[in-house]
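Participant: Counting from 1 along the sequence shown, just add 3 to a position and that's the residue number in our numbering.
The hints are simulated quantities; they were obtained by calculation from the structure and are not laboratory data.
We put the CB at the ideal spot given by N, CA and C, even for glycine.
There may be inaccurate statements among the hints.
Keeping only pairs whose Cα atoms sit at most 20 angstroms apart, straight-line, the calculated SDA-like set for lysine to any residue is [unchecked claim]:
1) Lys62 / Leu99
2) Lys145 / Asp161
3) Lys112 / Leu331
4) Lys134 / Leu226
5) Lys112 / Leu329
6) Lys134 / Lys152
7) Lys112 / His30
8) Lys334 / Phe119
9) Lys249 / Phe119
10) Lys134 / Ser253
11) Lys152 / Ile319
12) Lys222 / Phe136
13) Lys249 / Leu331
14) Lys63 / Ala40
15) Lys152 / Arg115
So the derived label-pair ranges between C-beta atoms look like this [as the list claims (entries may be wrong)]:
16) Tyr116 / Pro55: 37 to 45 angstroms
17) Val113 / Leu257: 49 to 57 angstroms
18) Arg333 / Ser163: 18 to 26 angstroms
19) Pro44 / Asn76: 39 to 47 angstroms
20) Arg333 / Pro205: 33 to 41 angstroms
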Amino acid sequence: MNKSILPGVGLLISIFSMLIAAWFLVHFLTILGLFLAVAYPVWWLFLPSRTPCLICRSKKQDDYCPLCKRSVNKNESISPSGIRSILGNSLIIALLSLLSGAIVLGEMKVLRYLGFPPTPRTVSFVIPSTKQFLLGEIFPMKLEIVGIKQAVNTIQTDISFDPNALEAIDVSTENSFASIFVQKEINNQVGFVRLTGGLPNPGFSDPQGTFGTIYFRSKIPGLIEIKFLPSSLVLANDGRGTNVLKEISSVSYLILPERVSPERSLKDINMYDSTKKNNRTASNSTQMLFYDDKAVLGISTQLPEEKISPLSQFLILLEKIDNTILSLWRKAFGAFPQ
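Working from the sequences, and respecting the hints, build out all of it.
Facilitator: Rendered as structure tokens:
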């Protein structure tokens with residue numbers, strides 16, 4: 004039983020060793036192949052007897068070498084026989100280098116398609132500056148994201164607040180970078196607001212942008228807190244829908260005991276109605292809405308990072324090696340895409 008297993012294990016070890024050797028050879032040729040192709044004739048000029056012809060080296064005894072135009076004699080020198088053979092060997096090295104570069108590029112593309120390295124979490128919600136409002140006053144809270152390194156295409160903001168202290172009046176999408184909205188929900192019984200939307204390819208790639216605005220009316224004086232819930236999402240336009248939201252925030256506003264005057268209250272209502280009217284006009288022309296439209300001080304909490312397995316760490320390392328090698332190519336020759 005053991006004797007029958009050992010040959011199979013030996014074969015697997017041999018295959019694995021060959022794959023590792025081939026991987027190193029491909030990456031070595033990608034880095035230094037063109038340099039070797041240029042250096043080959045120079046090496047031959049100084050050390051002709053120690054410069055082997057690659058075709059002769061690969062042939063068996065007495066086989067014919069088309070570059071040197073002779074039969075291979077392993078007992079004698081197998082150095083190139085002339086300029087034609089030298090240039091042919093240099094061309095072979097250059098072609099192998101280009102082929103190796105294409106293999107490295109393909110390896111990197113496959114790793115990125117599989118999600119290595121994962122898109123980093125860099126986006127967070129902007130915490131508004133410290134503000135205070137009067138009792139009964141209508142005030143806006145902008146939903147802004149910052150830290151965009153990879154274009155995003157889908158955003159979901161889930162907001163929690165004390166329904167005894169605040170009333171959500173409306174959610175505006177005026178001046179939003181998003182063009183499609185699929186959900187807008189306000190629940191003043193439990194204190195919850197959700198706005199979900201996005202935009203098609205290539206997504207939104209500015210460092211900072213406004214997604215929407217929530218209008219609240221204060222109901223009691225004191226310090227009130229509005230929280231972004233962990234169910235909030237910011238998905239990258241990376242083909243995998245990676246959530247790049249790195250932290251969630253909470254915002255605090257101070258509501259003064261002085262009640263807003265009737266004149267100020269009427270002014271707030273008129274301003275809010277005007278904003279809502281403008282929002283509807285803009286929405287009808289530039290935005291697609293798939294919901295029923297009738298319907299500060301702060302802190303940030305870091306979201307937990309997903310654990311990376313040893314295999315994933317190894318694949319991430321491979322991608323970094325490939326990207327580093329191809330970066331050298333791009334700097335030297337302007338070749339190979341990102």
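Participant: Hints numbered earlier in the text: which of these fail when held up against the supplied structure?
Facilitator: 6, 8, 13, 14, 18, 19 and 20
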